[in-house]
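Which chain is which? The protein sequence lines are A and B, in order.
Numbered according to the working numbering, the first sequence spans residues 1 to 250.
Numbered according to the working numbering, the second sequence spans residues 1 to 308.
What the hints contain is simulated information worked out from the structure, not anything from laboratory work.
A virtual CB, placed ideally from N, CA and C, is assigned to each residue, including glycine.
Hints are not guaranteed to be accurate.
Examples of chain B residues lying across from chain A (beta carbon under 7 angstroms, computed) [to be verified]: (1) Tyr50; (2) Met51; (3) Leu70; (4) Pro80; (5) Asn82; (6) Pro84; (7) Ile101.
Derived pair list, reagent style SDA-like, types lysine to any residue, alpha-carbon separation capped at 25 angstroms [stated by the list, open to error]: (8) B:Lys109 <-> B:Ser152; (9) B:Lys107 <-> B:Met92; (10) B:Lys110 <-> B:Ile129; (11) A:Lys218 <-> A:Lys93; (12) B:Lys107 <-> A:Lys93; (13) A:Lys93 <-> A:Pro19; (14) B:Lys110 <-> A:Ser2; (15) B:Lys109 <-> A:Ile108; (16) B:Lys103 <-> A:Pro19; (17) A:Lys9 <-> B:Arg106; (18) B:Lys110 <-> B:Ser152; (19) A:Lys9 <-> A:Lys218; (20) A:Lys9 <-> B:Arg127; (21) B:Lys109 <-> A:Ser14; (22) B:Lys208 <-> B:Leu14; (23) A:Lys93 <-> B:Asn87; (24) B:Lys55 <-> A:Leu244; (25) A:Lys93 <-> B:Ser96; (26) A:Lys94 <-> B:Lys135; (27) A:Lys94 <-> B:Gly12; (28) A:Lys94 <-> B:Lys55; (29) B:Lys242 <-> B:Leu286; (30) B:Lys109 <-> A:Phe4; (31) A:Lys93 <-> B:Glu93; (32) A:Lys93 <-> A:Asn60; (33) A:Lys218 <-> A:Ser231; (34) B:Lys103 <-> B:Arg127; (35) A:Lys9 <-> B:Lys208; (36) B:Lys107 <-> A:Tyr5; (37) B:Lys110 <-> A:Phe4; (38) B:Lys55 <-> B:Ser96; (39) B:Lys107 <-> B:Ala123; (40) B:Lys103 <-> A:Lys218.
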Amino acid sequence: MSAFYSVLKRELRSYFASPLAYIILVVFQVISARFFFLYLQGFLQFQLDPSYQLQTGDLNLNNLVILPYFGTISIVLLLIVPLITMRLIADEKKNYTAELLFTSPIHIRTIVLGKFAAALILLIMMLLLSSVNVFVLMVHGNPDLGAVLSGYTGLFLLGASFLSIGIFASSLTDNQLIAAVISFGVLLVLWLVGALSDAESSILGYLSVINHYEDFGKGIVDLKDVVYYVSLIFLGLFLTYSALESERWR
Amino acid sequence: MVYVHNLTKRYGNLTAVENLSFQLERGDVLGFLGPNGAGKTTTMRIITGYMPPTKGTVHIEGVDIFDEPLQAKRVIGYLPENPPLYNDMTVMEYLSFVADIKKVGRKEKKSRIFYVMERCGIAEVRRRIIGHLSKGYRQRVGIAQALVNNPSVLILDEPTIGLDPRQIIEIRELIKSLSGDRTVILSTHILPEVTMICSKVIIINHGKIVLEESLQKLSEDMRSAESILLRTRQNGEGVVEKIHALGNVSSVKPGAAGEYIIVPRKGAEVREELSRLAVENDWGLLELRPVTNTLEEVFLKVISSEGN
Ligand SMILES: Nc1ncnc2c1ncn2[C@@H]1O[C@H](COP(=O)(O)OP(=O)(O)O)[C@@H](O)[C@H]1O
Ligand SMILES: [Mg+2]
Chain A
1 MSAFYSVLKR ELRSYFASPL AYIILVVFQV ISARFFFLYL QGFLQFQLDP
51 SYQLQTGDLN LNNLVILPYF GTISIVLLLI VPLITMRLIA DEKKNYTAEL
101 LFTSPIHIRT IVLGKFAAAL ILLIMMLLLS SVNVFVLMVH GNPDLGAVLS
151 GYTGLFLLGA SFLSIGIFAS SLTDNQLIAA VISFGVLLVL WLVGALSDAE
201 SSILGYLSVI NHYEDFGKGI VDLKDVVYYV SLIFLGLFLT YSALESERWR
Chain B
1 MVYVHNLTKR YGNLTAVENL SFQLERGDVL GFLGPNGAGK TTTMRIITGY
51 MPPTKGTVHI EGVDIFDEPL QAKRVIGYLP ENPPLYNDMT VMEYLSFVAD
101 IKKVGRKEKK SRIFYVMERC GIAEVRRRII GHLSKGYRQR VGIAQALVNN
151 PSVLILDEPT IGLDPRQIIE IRELIKSLSG DRTVILSTHI LPEVTMICSK
201 VIIINHGKIV LEESLQKLSE DMRSAESILL RTRQNGEGVV EKIHALGNVS
251 SVKPGAAGEY IIVPRKGAEV REELSRLAVE NDWGLLELRP VTNTLEEVFL
301 KVISSEGN
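With the hints as constraints, model all of the structure from the sequences given.
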C-alpha cells in the first residue's frame, strides 16, 4: 500500500476508533437539522400567509431555507473543525510516533497530505449527512439545485480551508487542547476581519473567509473566490510542512 | 556499514554532541555508553535522519543520510527511547502500517510481519490493542517495528529502560539473537549490558568520545590491570617500601584505614609473597584479594578524568 494511502487509512481508523468522530458527526447533524427545521417551519408558516401569494421570486425555498441553513453549517464548521484537526499532528508528538514517521523513507508532504485527506473525508461525510435535509425539501417544493450544488462547493472549500489551518495549529504543539484553541482563535479572526471593514474590496474584507462564501450560496461560483480558498488551503498545508521541517532544524 | 564523521549538534548555546566520529562494519554491535545527558539520543537521532546535525556527515551503507534521506532510511531500523506506538491500533495493524511507510514490498509484507512477530515473541498478542499491552510487550512491539523492513542497520536507544529485571534479560537475549550480519548500535547507561551484548564500546560524555575500544581489547585491559587489595590493621611505617622490595610490583598505593592497592607487574603472582610479608612483619593481615577492574570502574575513571 502506498505511504500516502497508508497514512490516510491509519488516520481514518483512528478517528473511528475513538468516540470523537461519532460525536462530531452526531453533534453536527443534530445542530444543523435543528436549525434546518426551524427555517423550514418559518417558510411553511409564511406560505400560509395570504400576502405570500403576492410576493415574487425572492421569498422562495432557496432564500428562506437553504441559504440560512448553509449559513448555520458554516458556523458549525467553525466550531467543529478545530476538534477534527486538533490531534492530527499534536498526538504524533505526544506519543513519540513523530520519530517513527520522520525516520521512515517517506516525504513529510506525504504525511501532511495523508492526514489532510483523512480530515477531508470526515468533512465530506458531514456535508453528505447534512444534504439529507435538503432532499427533504424536494417534497415541499422546487429548490434551485444549481444553488444547492454551488453552496455545497463553497462549504467544502470553506471547510477544507478550516482544516488546513487546523492542521497547522496542530503542528505547533503536542497538546491537543492548545491546538484546538489556536485553530479556533485563528479561524474566528479570519471570520471576523470582514466585519471590521464594510467594503469587500478592502484588504480586510478580502481576507475574510466568510465574505468569499456569500456568492456560492447564491449560486454563483466566482473564480476569485475559488482561488482564495485554494490559496488558503495551500498556505495552511505549506505552513504545516514548514513547521515540521524547521522544528527539527533548531 | 555506518560512517559517522565529525558530528556536532548544538541546541542554541548547548553543544550536545561535539566532533563525534566512528565507523562500524557489518556484524559490529556497538555499545554506545554514557551517563544521562551525554548526547546518546541526539547522536542516534542524527544517524537515523530524524534531525540534521549542526556540522558533520553520516553515511549509511555508503549513502549520505541528508543528501539522500529516502534511500538511506530504507535500510535503517530504529527504536527510539520511547517506543513510537499508536495506542489505538492492534499489533498487526500497527506493524502493517509501519511496513507500508517503510516501503516493504507487497509480496514480502505479510511474511515479514509474521516473522518479526514470531521473532519478538508477540505473535500471541497480535490482535490486542497496543494501548492495553504491558510495558515489556510494548517494548517488544517497538523492536518488532524496527525490524519490519529487515534493516541492515539497527539502532536501539536504551532498549531495556523501564523494564523489570526478567523483561530486561529477555530483551537482551532478543537483541543478541538479532545482530547477525547487521550493524547494531545500542545505547545504554547500564554497563553490564554492554559486556553481554556488544562487540565494541564507545563511551561518550558531554558529547565527546572518551573511549573507543573493541570489547575483547577492553576485557584484556581490564584483566591485565588486575590489582590486589591488601588490608591491614592500620597503616604502618615503611610498608610501601617493603612491598616494593618484593620486586614484580609496579605500584603500591596506600588507601584509608590500612588499605593498599598493589598493581603487580604483568602476569606476576605476588599474593603468596605478600601474605608472608604481612605476617612476618606483624601488620595484622585482615584481607588480601584481587580486585578486577570492572567496566564500571573503567567507565567512572574515564568519565571523571575527562571532567577534570
Ligand atoms: N530538543 C532539545 N533541545 C534542547 N536541548 C536538548 C534537546 N534534546 C537534548 N538536549 C540536551 O542535549 C544534551 C544531550 O541529550 P541527549 O542526547 O538526550 O543525551 P542522552 O540520550 O545521552 O541522555 C542534554 O543536555 C539535553 O538536555
Ligand atoms: Mg537518551
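Okay, the hints, checked on the actual structure:
The beta carbon of Tyr50 (chain B) is positioned within 7 angstroms of a beta carbon in chain A (closest approach about 5 angstroms), and the interface hint is therefore held. Checking Met51 (chain B) against chain A by beta carbon gives a least distance of about 4 angstroms; that is within 7 angstroms, so the hint holds. Because the beta carbon of Leu70 (chain B) sits about 5 angstroms from the nearest beta carbon in chain A, less than 7 angstroms, this interface hint is met. A least Cβ separation of about 4 angstroms between Pro80 (chain B) and chain A falls short of the 7 angstroms threshold, and the interface hint therefore holds.
Nearest Cβ of chain A to the Cβ of Asn82 (chain B): about 4 angstroms, under the 7 angstroms cut. The hint holds. With a cut of 7 angstroms, the hint placing Pro84 (chain B) at the interface with chain A holds, because the nearest CB-to-CB distance is about 4 angstroms. The closest approach between the C-beta of Ile101 (chain B) and any C-beta of chain A is roughly 4 angstroms, which is under the 7 angstroms cut-off, so the hint is satisfied. At roughly 17 angstroms between alpha-carbon atoms, Lys109 (chain B) and Ser152 (chain B) fall within 25 angstroms of each other, so this suggested pair holds.
For the suggested pair Lys107 (chain B) and Met92 (chain B), the alpha carbons sit about 16 angstroms apart, so the restraint of at most 25 angstroms is met. Only pairs whose Cα atoms come within 25 angstroms are accepted, and Lys110 (chain B) paired with Ile129 (chain B) is accepted, the gap being roughly 19 angstroms. For the given pair, Lys218 (chain A) sits about 43 angstroms from Lys93 (chain A) by alpha-carbon distance, which is inconsistent with the 25 angstroms threshold. For the given pair, Lys107 (chain B) sits about 32 angstroms from Lys93 (chain A) by alpha-carbon distance, which is inconsistent with the 25 angstroms threshold.
Among the hinted pairs, Lys93 (chain A) with Pro19 (chain A) is consistent with the structure: their alpha-carbon atoms are about 21 angstroms apart, no more than 25 angstroms. Between Lys110 (chain B) and Ser2 (chain A) the alpha-carbon distance is near 15 angstroms, which keeps this suggested pair within the 25 angstroms criterion. Simply put, Lys109 (chain B) and Ile108 (chain A) have alpha-carbon atoms about 23 angstroms apart, close enough for the 25 angstroms limit, and the pair holds. Restraint check for Lys103 (chain B) and Pro19 (chain A): not satisfied, since their Cα atoms lie roughly 31 angstroms apart, outside the 25 angstroms limit.
Using a Cα cut-off of 25 angstroms, the hinted pair Lys9 (chain A) and Arg106 (chain B) holds, with the two alpha carbons roughly 17 angstroms apart. For the hint pairing Lys110 (chain B) with Ser152 (chain B), the CA-to-CA distance comes to about 19 angstroms; that is within 25 angstroms, so the pair holds. For the hint linking Lys9 (chain A) to Lys218 (chain A), the alpha-carbon distance of about 36 angstroms lies beyond 25 angstroms, and the restraint is violated. The suggested pairing of Lys9 (chain A) with Arg127 (chain B) holds, with an alpha-carbon distance near 18 angstroms, which does not exceed 25 angstroms.
Of the pairs offered as hints, the one joining Lys109 (chain B) and Ser14 (chain A) holds, with about 22 angstroms between alpha carbons and a cut-off of 25 angstroms not exceeded. A C-alpha spacing of about 13 angstroms is found between Lys208 (chain B) and Leu14 (chain B), which places the hinted pair at or below 25 angstroms, so the restraint holds. Between Lys93 (chain A) and Asn87 (chain B) the CA atoms are separated by roughly 13 angstroms; this keeps the pair inside 25 angstroms, and the hint holds. Taking the CA atoms of Lys55 (chain B) and Leu244 (chain A), the gap is near 21 angstroms; set against the 25 angstroms cutoff, the hint holds.
Annotation: proposed proximity of Lys93 (chain A) to Ser96 (chain B) holds, straight-line Cα distance about 21 angstroms (limit 25 angstroms). Restraint check: the Cα-Cα separation between Lys94 (chain A) and Lys135 (chain B) comes to about 17 angstroms, which is no more than 25 angstroms; the hinted pair holds. For a cut-off of 25 angstroms, the pair hint linking Lys94 (chain A) to Gly12 (chain B) stands: about 23 angstroms separates their Cα positions. Distance restraint check for Lys94 (chain A) and Lys55 (chain B): the Cα-Cα separation of roughly 28 angstroms exceeds the 25 angstroms cut-off, and the hinted pair is therefore not satisfied.
For a cut-off of 25 angstroms, the pair hint linking Lys242 (chain B) to Leu286 (chain B) stands: about 18 angstroms separates their Cα positions. Pair hint Lys109 (chain B) plus Phe4 (chain A) holds up; C-alpha atoms about 17 angstroms apart against a cutoff of 25 angstroms. A distance of roughly 20 angstroms separates the Cα atoms of Lys93 (chain A) and Glu93 (chain B); the hinted pair therefore holds under the 25 angstroms criterion. For the hint pairing Lys93 (chain A) with Asn60 (chain A), the CA-to-CA distance comes to about 51 angstroms; that exceeds 25 angstroms, so the pair is violated.
Restraint check: the Cα-Cα separation between Lys218 (chain A) and Ser231 (chain A) comes to about 22 angstroms, which is no more than 25 angstroms; the hinted pair holds. Distance check on the hinted pair: Lys103 (chain B) and Arg127 (chain B) sit about 23 angstroms apart at the alpha-carbon level, within 25 angstroms; holds. Proximity of Lys9 (chain A) to Lys208 (chain B) is assessed by CA-CA distance (about 43 angstroms); at most 25 angstroms being required, the pair is judged violated. Distance check on the hinted pair: Lys107 (chain B) and Tyr5 (chain A) sit about 18 angstroms apart at the alpha-carbon level, within 25 angstroms; holds.
For the given pair, Lys110 (chain B) sits about 19 angstroms from Phe4 (chain A) by alpha-carbon distance, which is consistent with the 25 angstroms threshold. Of the pairs offered as hints, the one joining Lys55 (chain B) and Ser96 (chain B) is violated, with about 36 angstroms between alpha carbons and a cut-off of 25 angstroms exceeded. Among the hinted pairs, Lys107 (chain B) with Ala123 (chain B) is consistent with the structure: their alpha-carbon atoms are about 20 angstroms apart, no more than 25 angstroms. With a C-alpha separation of about 47 angstroms, the suggested pair Lys103 (chain B) and Lys218 (chain A) falls outside the 25 angstroms cut-off, and the hint is violated.
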